[in-house]
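Novice: Chain by chain, the residues:
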Amino acid sequence: MIQQYFSRLQRVMMIAGVAALLSGCAKNLDQTPVATADKDAIFGSEAGMKLYTNSFYDVLPSMGDVFRKDAMADYSAVSAVPDFLRTGAYNARVADGWDWKQLRNINYFIVNCNNPAIDSTTRNNYVGLARFFRAYFYFEKVKRFGNVPWINKPLDINDQEGLYAGRDNRTLVMDSVIADLDYAADHITLKSDASASQITKYVVYGLKSRVCLFEGTFRKYQTSYNLAGTAPALLQQAADAAKKVMDEGGFAINQTGGAGASYRQLFISAAPVATEVMLANVTSSTLAVFNDANWYFTSATYGNRLSFTRTFINTYLNIDGTPFTNEAGHETQTFAQETQGRDMRLQQTIRMGSYTRTDNGKTVAAPPVFSYTYTGYMPIKFTLDDTYYDGGTTGTNSITLMRYAEILLNYAEAMAELGKLSDNDWAKTVGALRARAGITGGITAKPTVADNYLKTNYFPDISDAALLEIRRERGIELVLEGFRFHDLIRWKAGDLLTKPWVGMYVPALDTPMDLNGDGVLDVCFYKTAPAEQVKGVTYINVSPVLSSGTNPQVLSDDTHGEIHWLDNVSREWDDYRYLYPVPYTDLQLNPKLGQNPGWEL
Amino acid sequence: MYNVRAKGNIQLTDWLQVYNNTEYSSREYHNPLNVGEGGGIWRNMADEAHPSSMLFNPDGTLTYTAAYTVGDFVYGKNGIDFNRALFRNTTGFIANVFKNKFRLRGDFTYQSIADKQKRLRVQVPYSAAPGVVAYVGTGYNDLMMKDSTNRYFASNVYGEYENTFAGGHYLKVLGGFNYEQATYTGLAVTRNGLIYSDAKDLNLALGSNIVTAGGYEKWAIQGEFFRVNYGYKDRYLLEVNGRYDGSSKFPSNQRYAFFPSVSAGWRVSQESFWHVPSKIMSDLKIRGSYGSLGNGNINSYAFQEQFLIAQSGRVINGIRPQTTSQPNVLPNGLTWETSTTTNGGIDMAFLNSRLTASGDVYLRRTTDMFTVGQTLPAVFGTDVPKGNYANLKTIGWEATISWRDQFKLADKPFHYGITAVISDYTATITKYNNTNNKLSDYYAGQKLGEIWGYENDGYWTAQNVGQAKAAQALFKASNSGTWLPGDIKFKDQNNDGVINNGANTVADHGDMKIIGNSTPRYSYGLTLDANWNNFFFSTFFQGVGKQDWWPGAESDVFWGQYNRPYNFMPKSQVGKIWSEQNPDAYFPRYRGYIAQNGSGVLNAKQSKYLQNAAYIRLKNIQVGYNLPKTFISRAKLSAARVFLSAENLWAHSPMFKVTKDLDPESIGRSDTVTDSGNSGNGNNYPILKSMTLGLNVTF
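Top to bottom, those sequences are chains A and B. The C-terminal residue of the first sequence carries number 1038 in the numbering used here, and the numbering is unbroken. The C-terminal residue of the second sequence carries number 787 in the numbering used here, and the numbering is unbroken.
Just chain B, same shape as in the assembly (with noise of 0.2 angstroms):
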């Protein structure tokens, strides 16, 4: 990876000043494929590789353990390598006119970004005799290339006036003219038929199983926008935005939205009736705005009939053939997401500036919501289309306290600060059109996150297991669908001798109810900085006071064996296992693929295992010395400093009771490179604990 800057700019008249950014950057990336399952690699190794059987052979080859997982690691042949090159070029002007009353500007950008793949999957050798070799991923020795480029660009030009006038009033006024458009192009080939496992080039690419996709997606979006701002003696702030936008997403009925926007702020502290001393209060600022954006991020093409092009995996007279199926179903219509917020803040500062404080609230309406529509019967026959469906309502706060004083330590001043910022958020589901309310899509009145699950009530016993059978009847214990001691119990919320989730609506929910919420709430940082004589010290903490996670079916790192049987057995499972010598483990009777399989009596969402993953994180602490300025001077230096950075030395949080196994940053998607990033959870490339040591010189 390397990346070059440049920037400059130059002032061509006394009035005409014209600049130039330019970014190059290029980026590599390796990602190792096996060719045994060809499924990504976290959760291949999770699943396949299994941790007591031997890489290699006596003779030196690979087991065919080793050969189906990650043996060829060993070689380093199968995989993708991802090149990322970024070339970015801003030119603009600043042209003053009017005695510096009007200033134009124009800028225009021009963005590339080429991505370029290459896949190896050759097959692996291995030995399951002596002197015989053998080979898993036969049926593939191909090679991939694909390239792909996003050209975009985008331009503003818009004036401004800005003046200040007698009486302390000051003006600015902003209008002006944006546009955007990207182009991407795509071109993916496959050849089979490699001559040798180390060929690196299609032409060395023999066999006759050719694959070649194209690709191309254009979209472009224009808007026009004006600001006005207008202040009186920094006293009263005022700003009136407007955008007006257009989008190709869109179909032309439906393409335009005008967005605008009005915030407002009052410095108490600068009124002539404010005479607390800046000893006590320095500082009083109360703001408000209320104003609408635009979301337009969606698919191009959403709302136009598309037959997509593919080849077959079955040989039809001869050939595998280019194949397309129906059309994407349209949405009743699309246009842009708006969310309309309103936001109430305030800013303080206390003790002559030391002590400063900040706070927010907002309540934000989202409108025409882009998402998936409802839920339909199977018989529907193809995906549902995303469309404007749903209406959002998120409340919100956010506070900011900040302490920064100095005092004298052995004749030296000690300068030291902190700083807290806490956030949180919910959000509400306002509308959403839900026949039934059913629990599997959103419903008006829905906090989002929320986790609808059963509750445990224990485990059944030799006393009680035979009515198991009739109450559970929809989950199983085992595959065998039997039922003995030690199984997981529901408790009958209804009272009706069954346990269900009757409708699965919210009217009829059965022995289900809201066990938990995934969304993070309480999310906080906290800073803190010292430093004295030279010595500097910081450090930031990181954290999420309240978040839920339910580990999903295939979290074998959760579940270890009730997983898959054949899966690690994790070391934080033991002695939490139920036996008839300890009733009362954390894990029920131990049996394979009861979390996996959707009958499986552990997946189901349930609050005894429902995950409480806040957490807190020691993301960085820093010490370090700045060589004193006599000492560096000799060695013509204009400043040096050594240092030493931790980043991610300590985290801390309930789940860890459970499991030390899973990182409460990383439990969501896994594997992101090779799939959907659905089939695991938490499997992925672990959160690095890093140490720096290091120089700073500035000559």
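Okay, chain A solo, but in the shape it has when bound (with noise of 0.2 angstroms):
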């Protein structure tokens, strides 16, 4: 008896526990996530756009790209030939850079940045911030592949059309660009910010002007593409946003250092120097985000020893503004003779006359080292003076990516090409940037007299003195900002990637040299090894042929003369380089893409 009433209780008590765990647990099925953030709250909060908006900044070039970019350029001689400039080991299966993820993840959020909950003038300032970001990619995307694919929305997974979509011409392209700068101008809320890691209205003026001056100038020498007609209005939308800058902005040009350091200061504070920077990858030492310039620019084994050609480094002015190029027997200066009385960015460019480094606290001189520099001219433009800092990423200087004279160099070459630079815009632009360097001459008037020098070894086309001027000046200023490249492809002068890498010159064989004048022997170039060696002396070996092979370093007149450095690997340029193949995997997974001529497989 008792028996069945316990089973019957359990039986009763067990169906209504299975009924309740049935309905309590389908409610469980119903899972929605914790641990992300979903639309509303990114979309109905100014935090949250905030949030998302924080993203794009991995648009802008990381802490090291910055001054790899000129590895490949025109002054640089670097440890081997770049592949993009030799015959056969550049081409569309090892080609890159055909990734769009950054695109659309502005474009989602312009799609979606529309919640009514959020005022409008909210809303804007942060589908500003993704537009000037939009544009930063496709701007790169077009110096790059020239045309691409135009996308303003995130494509569907379902959308054969867009996937599958050609490429648009490049103007339709750039105008969806200076488009979309021209709403985040209007739009974006800030207007300075004093830690330059923020984008502001000037910024994105300025980043209108580096586009525009580039799509211009790009027109008006790239002939093939018949679309030089179209160049002045660019050219000009480039000087208008220049000149808001100047006018509108608040930057001036960093003198605070004087003539002799001003200029590095902004390469090497830990903190950027706001008056002039308006943009930078800035480091911190507390928040463990440092860069690698020192370990970059010192190291044999790390980096690609990238040094100056002596060519390059003949167009830093004499101080008192005149052409060191115009000066009688300057082709066989030696090191320490050719560095007096330039430009005073040349002190601040390269490792030459009183500059030190310290070591463990003590202060050592620091001539070139052959260990390192190919041609004599070793950077110092990024590196911080401690050695501390060489051998790894610990370097504690944030990193520009736009700085007022950048904006004043658009100005004065936009201006020049258009035809309508004045003595006053020379004065307040390359006067301005050449007086902080500690030129006296030639700063308030624009040149009359075309350099002869940057004719023959630059610029054979280009007659006007001013443009010419302006050409120098860029290259001098902005070395190692990463431009340099592209320049060249706007004013299609790619041919001069194939210069030969030349040094510093060299009187004679066997004949120890001090290069930065402190009366110790830094270097001597021999051809037989000499039976005893100066102690501290980098002894470099110029013979033309090697037990292992031809030797890469000789003087140009084999006992003396400018050091040669991978003449016996040819540089090759063909117009087809202005433009970078599409990736083969691209082309074969959307055939209708087309490849860049030139680079058929």
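It is worth saying that the hints were derived from the structure and are not from the lab. None of these values were measured; they are calculated from a predicted model. Warning: the hint list may mix true and false statements.
To be verified - Sample of chain B residues with no beta-carbon within 12 angstroms of chain A, all distances over it, derived: (1) Met133; (2) Leu143; (3) Thr149; (4) Thr252; (5) Ile283; (6) Gln358; (7) Arg453; (8) His503; (9) Gly533; (10) Phe624; (11) Lys659; (12) Leu776.
Unchecked claim - Only some residues are given here: those of chain B computed to face chain A with a beta carbon under 8 angstroms: (13) Ala308; (14) Ser400; (15) Ile404; (16) Val467; (17) Lys557; (18) Thr570; (19) Ser687; (20) Asn691.
Said to hold, decoys possible - With a straight-line cut-off of 27 angstroms between C-alpha atoms, the simulated DSS-like cross-links for lysine-lysine are: (21) A:Lys590 <-> B:Lys474; (22) B:Lys526 <-> A:Lys464; (23) B:Lys306 <-> A:Lys476; (24) A:Lys476 <-> B:Lys474; (25) B:Lys526 <-> A:Lys1029; (26) B:Lys474 <-> A:Lys538; (27) A:Lys538 <-> B:Lys526; (28) B:Lys474 <-> A:Lys464.
We put the CB at the ideal spot given by N, CA and C, even for glycine.
Make the complex out of the two chains shown on their own, each in a separate frame, by following the hints.
Specialist: Structure representation (structure tokens):
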């Protein structure tokens, strides 16, 4: 009896229990994410929009990218010829850069940022930010590939038409880029940023001047596109945008360190010098964000041992504003001689003269070291003076992405290209930059005589004296800031990339030289190894043939002359290289893209 | 590592039994790290621990090369300490009612897995000049603590009715309910600025680079199930199963699915017409089944848009702000993956059951297979979602044969047995939405594991190397792009003068063809055992009859300096590298990076270097002796045995002809602790040989 009673009770309990479980559990099958945000949280509050737009900053070059870009530039002699300039070494199969993730991220934001709960000024500010980064993204794509598909929404997975579309003409894309920048300039509310790490209205105008100058000159000089007629309007927009920054931005050329140091302060300061630097990759010791510039520019194995060519160093003017290359006998001056009395940016760009470093607390002489440099002209623009920073990603200097000097040069160049550059414009731009570097002559009125050295060695087709000087100035002022390759592209001067990599002048073999004038001998060139070596001197073998084969480092006249580096590896330039190839696998996925001419496999 | 288990049951009344199983285990694991490159340690040792570099300077400090790679192992400071504590408790009851004809069963399991991680990254001192100490890894100097807990519970309640009726009818009916739920919570904190390199607690991290991360995931499944078994006189057996399952991982309109199955068996040898003497054939059973099962083992929330939050690597306005970005793209729909299997089998016994054999053949159709969608052009701009995109057909079989007998040896019985098991399967994609049948994705008709590649056609020679550049423009035989004698030459399958993969589709695959298959085929095991006069012996072999392996781009152990010029040069390559004196060598002209770089000529899959990774391994061999009863009883023991056991003593693979540095059982993923596992092939903790001398005593 008792048994049956209990079992009945038990069953009743069980049935009730199961029923409770069933109803309770079915609810548990509705689960929503907790550790992630949803659309309302992102687009329904300003904090959410800010959270999202923070991700756009990764469109900007990363910390180590900026100073590496000039590894392929006419003035950079490096350890190996870049594959891009070597026959057979670069093709569509090794090509890259056809990456569109950042664009979709931006487009998703633009399309969804429409929550009416947020006032339109706030929303438009963030959409403006998104459109700034979309313009930045597309500018990079057009520079690299020319025509690219213009996409202004996140493509749906089933959107066959959009996914497999062909490329749009660069004119359409660049018009859209400029429209994005105009929108951004009108709607971004931030007008200044003392941290130089955020996008302000004037950073937008700065980028617009850069973009329009690129496209305007590209269309003017790359005549095969038949777009030269559209160049003036673009150049005018470049000048106008730059003028906006000059008139309203509140920036100024940094002069706080005097002529001998102000320039380099911009590149070695921990916090961006925000009077001149408009946007930077900011380092922070406390937040463990560093750069590897010292490592890159001092290690014999880590980077590619970038040094400048003598052809470029020759363009630095004398301190009185006259061209160094007008001096008789300048060709045979030694390093110690030629580095005297020059534009004071030279001493802030390369190791020379009284430059010293700190090694474990001690001040040490720092002449160019031939265990690093191939030419003698060893960069210091981005490196800190303490050797502590040399061996790793420990650099504490912020890396500039945009600064006022560039805007001045953009303005000057656009105006000169338009034929409208006045003496006053000259004085405010190139003149001001030269004055900052201690140059005393030619800073108030634009030049009238076309420099023969620049014409002969760089731009034979340019006869406008001011334009030539602006190009000289741009090379010197913005060296290693990642502009040079695309400057050559837009000037249609790609063949400069095949110029020999020449170094300093060596008067004689077997004669140790003092490079920095401190009385200590630094380097000696030989063809037959000397029986006894002077302590502290680096000995460099320049005999044309080594036991291992051809010597890449020789003198132009065998026993004396300029150092030549890597003449034995040929570099080539053809017009098709003005664009990069579309990667092979991407072309296979969508043959409609079509390959850039000359890169077909 | 330790564990505790407890088991108990109690008969509360004569009809109600309650039981409880409890288990607790704790495991600790230390994974060293290096702060030079910060990558996986096996990979890093392979490509940066230069064998000819010195570890120490004459004054006892580390060299830079050492500090950059394995140097910290001397101090043992950098590393991740893992701790996993598992607790599991199952409580259940069995109630017998209706004169033991009806049983009600229920159980409740709770399991908690607590994972803790402590990662310490501190600088490693080295010296490049006497008396001058410098450091690598100064950018880190941080401590990361991560705690995560996975709480899981499962409950089953079901009733069983079982009865045998007159006339040999047997019936068992079961029906019940099942619910499972898991909740994951996580918390991780990283902070830099350790005040000294032995700091083991976050209180000693004073830096302002603080990274925090939360984490939460919850899923639940519930199901109702039934089973009916019917048997008649042990001759005919029938079983019908059904489950109706729902999962929180699927959207509400695709959440539930029903999975039925039916199986039947016929013991022919029990039939009255069966007159075969058991001396010849003692048992014969024929089996068959058909049914489907669901697989819902996917990530939670896969059908919902999620904005992940992470910390930016950039300093923006003085801080490294949190960021989020575009959410995952959702698949068009998401539901259970269903596999429907048709199985046929036979069990036989011969010669008074000394010889037994059984075999199974099956056909399994997997529908709505959960996999990544087809590759889209890069302008899509994000990862293609995973969804129920494919159907798969698997055909397989399995056979076991066993012989067990004894005979007298020196008046004592000698027992011995031998068992062989072999199985095989192949799987074919029957449906996949692949426009143009691209070879980069699944395509209908694709055999899983198939490897497309080029066929080798010897090396270019001085006579014909002039054509190489035009014919093989897609490839590079060195970084400079120069072609020389001794470089790889591919066969021009379609005679168009150029080597390429056409449109990389099934219809137009250029000069590629299927050169092999990575699926392990003919997996087998062989067990031998014997005992005689208290001595015993057993051994177990295991192997795979056929499988191909392509050494990937980062398989430095295989490629040596063809991967990176600063790698080790494997001994196995000596004498096998092309030269004018050795024009038929296995490896081509010696050049760095050509296996690693995407366009390198050894990066392309090709027939010559595809490895036959079939193998046989002696997994275990054991000999021992049971001490005689007469001897041990004096020591008040009930049993005692001594034994010698060895694991992984011997292996053989055709691959060993090329390299003995790789193990065919460990050639897949690498360094899974610290990264995605794709950074190399075969860079793993090796499979160890071990020998154990043991003594087992029972009191």
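Novice: Hints first: check each against the structure and report whether it holds.
Specialist: Hints, one by one, checked against the model:
1. Met133: holds (19 angstroms)
2. Leu143: Holds: least Cβ distance 18 angstroms, greater than 12 angstroms.
3. Thr149: holds (15 angstroms)
4. Thr252: Nearest chain A Cβ is 22 angstroms from Thr252 of chain B, so the label holds.
5. Ile283: With a cut-off of 12 angstroms, Ile283 of chain B remains clear of chain A, as the shortest Cβ separation is near 15 angstroms.
6. Gln358: Non-interface label stands for Gln358 of chain B: nearest chain A Cβ at 37 angstroms, farther than 12 angstroms.
7. Arg453: holds (26 angstroms)
8. His503: holds (49 angstroms)
9. Gly533: holds (20 angstroms)
10. Phe624: holds (50 angstroms)
11. Lys659: holds (26 angstroms)
12. Leu776: holds (36 angstroms)
13. Ala308: Given a least distance of 4 angstroms, the restraint on Ala308 of chain B holds.
14. Ser400: holds (6 angstroms)
15. Ile404: Holds - the Cβ of Ile404 of chain B comes within 8 angstroms of chain A, reaching about 5 angstroms at its closest.
16. Val467: holds (5 angstroms)
17. Lys557: holds (6 angstroms)
18. Thr570: holds (7 angstroms)
19. Ser687: It holds, given that the least Cβ distance between Ser687 of chain B and chain A is near 4 angstroms, below 8 angstroms.
20. Asn691: violated (10 angstroms)
21. A:Lys590 <-> B:Lys474: holds (22 angstroms)
22. B:Lys526 <-> A:Lys464: violated (43 angstroms)
23. B:Lys306 <-> A:Lys476: holds (20 angstroms)
24. A:Lys476 <-> B:Lys474: Cα-Cα ~21 angstroms, so holds.
25. B:Lys526 <-> A:Lys1029: Satisfied, since the Cα-Cα distance of roughly 16 angstroms is no more than 27 angstroms.
26. B:Lys474 <-> A:Lys538: Distance of about 18 angstroms is within 27 angstroms: holds.
27. A:Lys538 <-> B:Lys526: Since the Cα atoms of Lys538 of chain A and Lys526 of chain B sit roughly 22 angstroms apart, the hinted pair holds (cutoff 27 angstroms).
28. B:Lys474 <-> A:Lys464: holds (26 angstroms)
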